[in-house]
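Starting from the known structure of chain A, fit chain B onto it as the hints suggest.
Protein chains: 2
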Amino acid sequence: MSQHCTRRWWLGAAVGICLILVGFGTSFADPPVRDPLSTWNDSPSKKAITAFVRRVTTEGPDFVAVDDRIAVFDNDGTLWCEQPVYVQVAFALSRVRALAPEHPDWKDRLPFKAVLDGDHRALAAGGQKGLVEIVAATHTGMPVDEFQSTVSAWLHTARHPRFQRPYTECIYQPMVELLAYLRSNGFKTFIVSGGTTDFMRPWALEAYGVPAEQVVGTTFKTRYEFKEGRSRIIIQPEIDLVDDHAGKPVGIERAIGKRPILAFGNSDGDFEMLEYTTSSPGPRLGLIVHHTDAEREYAYDRQSAIGRLDKALDEAPRKGWIVVDMKSEWRQVFPTLKQ
Amino acid sequence: MSQHCTRRWWLGAAVGICLILVGFGTSFADPPVRDPLSTWNDSPSKKAITAFVRRVTTEGPDFVAVDDRIAVFDNDGTLWCEQPVYVQVAFALSRVRALAPEHPDWKDRLPFKAVLDGDHRALAAGGQKGLVEIVAATHTGMPVDEFQSTVSAWLHTARHPRFQRPYTECIYQPMVELLAYLRSNGFKTFIVSGGTTDFMRPWALEAYGVPAEQVVGTTFKTRYEFKEGRSRIIIQPEIDLVDDHAGKPVGIERAIGKRPILAFGNSDGDFEMLEYTTSSPGPRLGLIVHHTDAEREYAYDRQSAIGRLDKALDEAPRKGWIVVDMKSEWRQVFPTLKQ
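Chains A and B are the protein sequences, given in the same order.
Counted from 1, the first sequence has number 174 at position 174 by my numbering; the numbering is strictly sequential.
Counted from 1, the second sequence has number 339 at position 339 by my numbering; the numbering is strictly sequential.
Just chain A, same shape as in the assembly (with noise of 0.2 Å):
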């Protein structure tokens, strides 16, 4: 071979090297960037969140192992709307409609009455009492699949009053987002709420991602039975842990095992779990959605029987905690439906 043609072979096989090379980097870069928080307006909020998340994923004093990346989120009022009741409350009293023809006495007898006469004043002056026979009437005596089925099928037909869109869809989207950015910076999330568990894990995976073992909720004393081949796992009607208020850091502790570096809670039922979180050393994120929306959403803290929200609001700025103006840093509530 010539020594012109020898040095045309090695620019040919420099070239092709290079070709491929470009190939190849093009394939391995990013996508093209999408904001994984669109639906967050560029306010305080979005920026205390994001700065957190670069600090503890970042080598440095602040850096915080993936194994302890641990951040939980309260349910109702924080990750889907509680107004105007508690979704589960609303699952209850449509049990004991569907229930009442199996339970003929239902129809004179307190609270059941109350809720098949749709008497909203007999029903709250029942109070905590009358809800807790309701409960556990509805929640309790079968095997969990059974519960978990119907708490599967009520959800497929079942509508919010005022947004006419299954429960599922009242879901808030800028905190479906910031979970799955959570977990795409290696963060392990969790639903902490008084819901019970067995309410919320048929449906957690798919609304937020979040898998059955990282739903910690109130539950209820529970009993295994084996009969005719068959093994069930049978709900008693006796509460075990009622997770809120100072609750919510022992199922924490039960279910986790770890203190977590982020908390998100709405009310003051998530006082203590703000708390638990953010009071120890380290970089700790503390967060309340603040419901100021009445015209996509709901308002209400201080005065609402549903969600109170009142000695959290105060102790935030002394706390350190982020309080989430829904109405003007959430560009969107709800996930945009499906046609």
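Hints listed in this document are in silico derivations from the structure and should not be mistaken for laboratory results.
Please note: incorrect hints may appear among the correct ones.
Same chains, same label: a pair holds when it works inside one copy or across any pair of copies.
As the list claims (entries may be wrong) - Derived BS3-like pairs: lysine-lysine, alpha-carbon spacing no greater than 27 Å straight-line:
#	residue 1	residue 2
1	K327	K46
2	K258	K338
3	K113	K319
4	K319	K227
5	K258	K227
6	K311	K227
7	K221	K129
8	K129	K338
9	K258	K221
10	K47	K338
Relative to chain A, chain B alone:
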């Protein structure tokens, strides 16, 4: 450029591209195949395990989605040595001796007196009630993090009386490999043990690769405390759940919320967990470690006070559970000690 040279140029480019592709191909290829279960002999149990994993991870009628690939493992006698006494009992007795100076009354009070005198007969005579008293005195009434630090410190210095190595080096190497093998096939691996959650969480990640939130065990009730700017979870002297026998499926439901597809135990205490796992449609695998190796570890089953394996051994053939013969199926029992 002459036609000759142009051809050379193309030839060079092609060779360049090929060189690069071969290079990338090599770097992308799997590393040289290393058996992930190298301490298992190629015996029936290993074949059954690998066949099961292939079955549930291969597209087809028995494919199981990653989210449902839940595997549960007993700890004592399944993942680590439980003879001559449960490690947690050795820890409790050691704590009684360490705390004795703060409790002068213990030297005259059973069951503590029996521990301090090394009087095993008196200790055994105290039975379950005595043990509960010892556990309450050594495991409760303190913050969880303080208890866990005590466990870590003890494990650092304590040695197994026969093998003269740290207890965390008396884990079973074949099981450590199996846990990793399952995880590399998309499984989530959980510990479900009669031992307490608080006792296992401090070391389960390092020993088994199982994070705190995947450790399910016996629990005490706890309460949340906020004092002088510090928040803590205090362990109460009251049992919350005994995660043994029928308590295991209950613990699984509470912590995981899904029926596992694989369960591994070694004693009758695991019977209900094995039964719950395997008595449901779809691919299921139940396994039992049979301690048959008096030379390298221990040989015991029906007559043992610790880790009795009787009913489950009888039922195994009928239930399709695989009994792993330690002596013939495990090439190695404990990890090779680092020098």
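Okay, the hints, checked on the actual structure:
In this homomeric assembly, K327 and K46 come within 27 Å of each other (Cα to Cα) only inside a single copy, at 14 Å, whereas the closest approach across copies is 59 Å. In the homo-oligomer, the alpha carbons of K258 and K338 never lie at most 27 Å apart, since the shortest distance is 38 Å inside one protomer and 29 Å across protomers. Taking identical chains as interchangeable, the C-alpha atoms of K113 and K319 are never at most 27 Å apart, the minima being 45 Å within one chain and 48 Å between chains. In this assembly of identical chains, K319 and K227 lie within 27 Å of each other by CA distance solely across copies; the values are 15 Å between and 53 Å within a copy.
In this assembly of identical chains, the alpha carbons of K258 and K227 lie at most 27 Å apart only when taken from different copies (19 Å versus 37 Å within one copy). Within a single copy, K311 and K227 get their C-alpha atoms only as close as 50 Å, which misses the 27 Å cut-off; across copies the closest is 18 Å, which meets it. With identical chains, the CA atoms of K221 and K129 are at most 27 Å apart both within one copy (18 Å) and between copies (24 Å). Proximity of K129 and K338 under a CA criterion of 27 Å is satisfied in neither setting, with 41 Å inside one chain copy and 61 Å between copies.
In this assembly of identical chains, K258 and K221 lie within 27 Å of each other by CA distance both inside one copy and across copies; the values are 24 Å within and 16 Å between. Taking CA atoms no more than 27 Å apart as the test, K47 paired with K338 passes in neither setting, with 30 Å inside one copy and 47 Å between copies.
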